[in-house]
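A.B. asks: Whole structure, please, built from the sequences with the hints as guidance.
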Amino acid sequence: MELLFNEKEDFLKSIQVLQGVAAGRNTLPILSNVLIRAANGQIQIAATDLEVGIQIAVPGTILDEGAITVSAKKLAEIIRELPAEEIKLSTTANDRVEIACGEGVYKIIGLPDDDFPDLPSIQGDFFTIDGEVLRSMIHRTEFSASTEETRYFLNGLYFYLTPETTKVIATDGRRLAIASSDTLTPPPQEPVGVIIPLKAVREITKTFAESAEVKICLRDNQIIFADDDAILTSRLVEGEYPKYQQIIPKDNEIHLTLNLERTLGALRRVALLSNPKTYSIRLDIEENSVKISAKTPELGEAYETVELKSGNGDIQIAFDARFLIEAVRHIETEDVLLELKDSLSAAVLKPVGKTDHLCLIMPMRLES
Amino acid sequence: MDEESRRKIIHIDLDAFFASVEQRDNPELRGKPVLVGGKPEERGVVAAASYEARRFGVHSAMPMKTAVRLCRDAVIVPNRISHYRHVSEQIREIFRKYTDLVEPIALDECFLDVTQNKRGMPYATEVAKSIKAQIRTELSLTASAGVAPNKFLAKMASDMDKPDGLFVIKPHGIEVFLENLPVQKIWGVGPVTEKRLHEMGIETIGQLREISLERLIREFGKVGGDFYHFARGVDDRPVHPREERKSISRETTFATDLFSTEKMKAQLRQLSEDVAQCLQAEGLRGRRFTLKVRYPNLTIQTRSQTLPAASADKEAIFSTAVDLLQKTEAEQFGVRLLGVGVSHWDEENPLQLRLFE
Numbered sequence: 005m006e007l008l009f010n011e012k013e014d015f016l017k018s019i020q021v022l023q024g025v026a027a028g029r030n031t032l033p034i035l036s037n038v039l040i041r042a043a044n045g046q047i048q049i050a051a052t053d054l055e056v057g058i059q060i061a062v063p064g065t066i067l068d069e070g071a072i073t074v075s076a077k078k079l080a081e082i083i084r085e086l087p088a089e090e091i092k093l094s095t096t097a098n099d100r101v102e103i104a105c106g107e108g109v110y111k112i113i114g115l116p117d118d119d120f121p122d123l124p125s126i127q128g129d130f131f132t133i134d135g136e137v138l139r140s141m142i143h144r145t146e147f148s149a150s151t152e153e154t155r156y157f158l159n160g161l162y163f164y165l166t167p168e169t170t171k172v173i174a175t176d177g178r179r180l181a182i183a184s185s186d187t188l189t190p191p192p193q194e195p196v197g198v199i200i201p202l203k204a205v206r207e208i209t210k211t212f213a214e215s216a217e218v219k220i221c222l223r224d225n226q227i228i229f230a231d232d233d234a235i236l237t238s239r240l241v242e243g244e245y246p247k248y249q250q251i252i253p254k255d256n257e258i259h260l261t262l263n264l265e266r267t268l269g270a271l272r273r274v275a276l277l278s279n280p281k282t283y284s285i286r287l288d289i290e291e292n293s294v295k296i297s298a299k300t301p302e303l304g305e306a307y308e309t310v311e312l313k314s315g316n317g318d319i320q321i322a323f324d325a326r327f328l329i330e331a332v333r334h335i336e337t338e339d340v341l342l343e344l345k346d347s348l349s350a351a352v353l354k355p356v357g358k359t360d361h362l363c364l365i366m367p368m369r370l371e372s
Numbered sequence: 005m006d007e008e009s010r011r012k013i014i015h016i017d018l019d020a021f022f023a024s025v026e027q028r029d030n031p032e033l034r035g036k037p038v039l040v041g042g043k044p045e046e047r048g049v050v051a052a053a054s055y056e057a058r059r060f061g062v063h064s065a066m067p068m069k070t071a072v073r074l075c076r077d078a079v080i081v082p083n084r085i086s087h088y089r090h091v092s093e094q095i096r097e098i099f100r101k102y103t104d105l106v107e108p109i110a111l112d113e114c115f116l117d118v119t120q121n122k123r124g125m126p127y128a129t130e131v132a133k134s135i136k137a138q139i140r141t142e143l144s145l146t147a148s149a150g151v152a153p154n155k156f157l158a159k160m161a162s163d164m165d166k167p168d169g170l171f172v173i174k175p176h177g178i179e180v181f182l183e184n185l186p187v188q189k190i191w192g193v194g195p196v197t198e199k200r201l202h203e204m205g206i207e208t209i210g211q212l213r214e215i216s217l218e219r220l221i222r223e224f225g226k227v228g229g230d231f232y233h234f235a236r237g238v239d240d241r242p243v244h245p246r247e248e249r250k251s252i253s254r255e256t257t258f259a260t261d262l263f264s265t266e267k268m269k270a271q272l273r274q275l276s277e278d279v280a281q282c283l284q285a286e287g288l289r290g291r292r293f294t295l296k297v298r299y300p301n302l303t304i305q306t307r308s309q310t311l312p313a314a315s316a317d318k319e320a321i322f323s324t325a326v327d328l329l330q331k332t333e334a335e336q337f338g339v340r341l342l343g344v345g346v347s348h349w350d351e352e353n354p355l356q357l358r359l360f361e
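Heads up: the protein sequence lines correspond to chains W and B, in order.
Taking our numbering, the leading residue of the first sequence gets 5, the next gets one more, and so forth.
Taking our numbering, the leading residue of the second sequence gets 5, the next gets one more, and so forth.
One or more hints might be untrue.
Cross-link-like lysine to any residue pairs, in silico, SDA-like; alpha carbons within 25 Å at most [as the list claims (entries may be wrong)]:
#1 W:203 with B:224
#2 W:247 with B:357
#3 B:250 with B:105
#4 W:345 with W:261
#5 B:226 with W:176
A partial selection of chain W residues facing chain B, derived with a Cβ cut-off under 7 Å [as the list claims (entries may be wrong)]:
#6 32
#7 54
#8 177
#9 178
#10 251
#11 366
#12 367
#13 369
What the hints contain is simulated information worked out from the structure, not anything from laboratory work.
Idealized CB from N, CA, C, for every residue including glycine.
C.D. replies: Now the structure itself:
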């Protein structure tokens, strides 16, 4: 195999995406490698850890077709440091890979491609979704997913695809986020819900960062995302997703409208003096304003008052400051709507005038 | 592999621990077949059998009635669990003279990481010999030790040369050691997995090694990956010195088998209350609830469910246990034992409220 790459940055970007997928040590050595394959006039590079797999077509000139696998980490490190000149990548005897660029020659020991796991292609029926919509739905929910290993089925985003809408849901048991959009093209015949592991979700955003349209294809226990240049395969998480519809409050009668930037700034500043063990931040809501306060014994205390654009309640409530900040930060309108019931029930945060996004946060008990 | 081969792990297993303690404390029992546990007429179970009794085919967890039939001269002594716990603590004190990396897995079993030991002894085999000698002289008990580069192999090794054994697996001997061992020796291979492996034509660890990682993961999920590594003698789990409880459970063996669902539920209610009380006393909340069933033919089945939110509530435990009971064959076959357990602790801020409660 003999290949020429003129665009170092393109090549590097693709390899770095794959490096995130390639398995670490303590697994099959070949899984820490990227596959480089030149066939049918196309150069493809791929990596997989058997949970998530990505293959990307990269621009380049094929002088001689062939295939090899080589350490993802080492390849990324070398390419990153090379000058922005033409890179020649070729295979030599005994599965060696030779990289020549400028005055330098780098030889790394690879492994034959025969043992590299098969990678799927998009076949049969698929749906399409607007790339920006997909990225936005992930962005507006992912922060609420659990990263605790024991709750494996919460370590992912729940994609709920129905003939009417597409929903993405994330929760860690204390907060929850839902983003929705129009249904897929063509619409699914009946509702289907799948849990996609967080690792795959992060790679979707990177791999399809600029795609205008993304294809989605469901198989037994896998989901495939693809555009013209890349295919991402992920194993689905097994397990029953919590019945999230039941916990969305319908009788939160206190409605407050706040300026988002003003509120976010105040929350961030006051949170600096929240107790590092609990991150508790307190909201004292009155007719026209909300007083945001926090204190930590042996450290100090802070408060800031934020004017309400509208409000109808009088209530004291506390939250984990981090949850509140992250939810507010992901709302994409100028003002944010906060809906409350009482100091022990879930709060709802929404964009004003839009119904495609909702965050739920359970409060913390007020410290006496 | 370099780092792996540098670790020195010892697994120590006290020989017939409860029975040996009884024989040590009461000279009249020495040399006699001793069974620790409940009386046969009360449907007791063998908690431990001395080596003299094991010669007759008696083993722990066997119904006392069966044990007595196999070994007519057996002396039955009641289980003094708090006493064994005390002796176990004395043994762990000895371990801690060599290393702080002591991970207890049961009263009579521990892992020790002696790569860096307090005595500066270069060979783990010497450490194991020294520990065994100290247990013998100070506590008049014998132990079997397995020495290996990791926990998986060390545990296998301690089982090779019982009682009073010492078995060493050196890094270069791993492959030969594992080659012909039956697959069920592998950690995590229970009867169901064993059956599936047999169906795949795999009887020995050597045969298991021929199966690709992909296939094992496809067949068994994540644990398939563990099997792949274990089959090669690879195990990088560290020795955890923490001594915290991993689960809290209660179980009851019934005087007569239960066939009525109502009676089973009544038992589950009592067990759930006991577990909840214990959880609350320890200030723990768990997310994973487990039901254990032993059928009249003595086979055991467990069913678990992980909840989105942790709980220590007796109603939550009870209703999950009832749900899980429906996933067993209890109604069809009846039950001899029921057990309820809670694990997977929730370590979070007690002020934070949860969504799914």
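A.B. asks: Can you confirm whether the C-alpha distance between residue 203 of chain W and residue 224 of chain B stays at or below 25 Å?
C.D. replies: 21 Å, holds
A.B. asks: What's the verdict on residue 250 of chain B and residue 105 of chain B, does the C-alpha distance respect the 25 Å limit or exceed it?
C.D. replies: It holds: about 18 Å lies between the C-alpha atoms, which stays within 25 Å.
A.B. asks: Holds or violated: residue 247 of chain W with residue 357 of chain B, Cα cutoff 25 Å?
C.D. replies: The given pair, whose Cα atoms are some 17 Å apart, holds under the 25 Å limit.
A.B. asks: Keeping to a limit of 25 Å between CA atoms, is the pair of residue 345 of chain W and residue 261 of chain W held or broken?
C.D. replies: 15 Å, holds
A.B. asks: With chain B as the partner, please determine if residue 178 of chain W meets the hint condition of a C-beta pair closer than 7 Å.
C.D. replies: 6 Å, holds
A.B. asks: Per the CB criterion, is residue 251 of chain W less than 7 Å away from chain B?
C.D. replies: 5 Å, holds
A.B. asks: May I ask you to test the interface hint for residue 366 of chain W with respect to chain B, counting a Cβ-Cβ separation under 7 Å as satisfied?
C.D. replies: 4 Å, holds
A.B. asks: Just to be careful, I want the Cα atoms of residue 226 of chain B and residue 176 of chain W compared with a cutoff of 25 Å; is the pair within it?
C.D. replies: Distance ~22 Å between residue 226 of chain B and residue 176 of chain W Cα, so the pair holds.
A.B. asks: Restraint: residue 54 of chain W near chain B, CB-CB cut 7 Å. Satisfied or not?
C.D. replies: 6 Å, holds
A.B. asks: Hold the hint about residue 32 of chain W up to the distance rule: shortest CB distance to chain B must be less than 7 Å.
C.D. replies: 5 Å, holds
A.B. asks: Would you settle whether the hint for residue 369 of chain W is holds or violated, based on the nearest Cβ-Cβ distance to chain B being less than 7 Å?
C.D. replies: 5 Å, holds
A.B. asks: Regarding the hint that residue 367 of chain W lies at the interface with chain B, is the smallest CB-CB distance below 7 Å?
C.D. replies: 6 Å, holds
Going down the numbered hints, you'll see the structure goes against none, and every one checks out.
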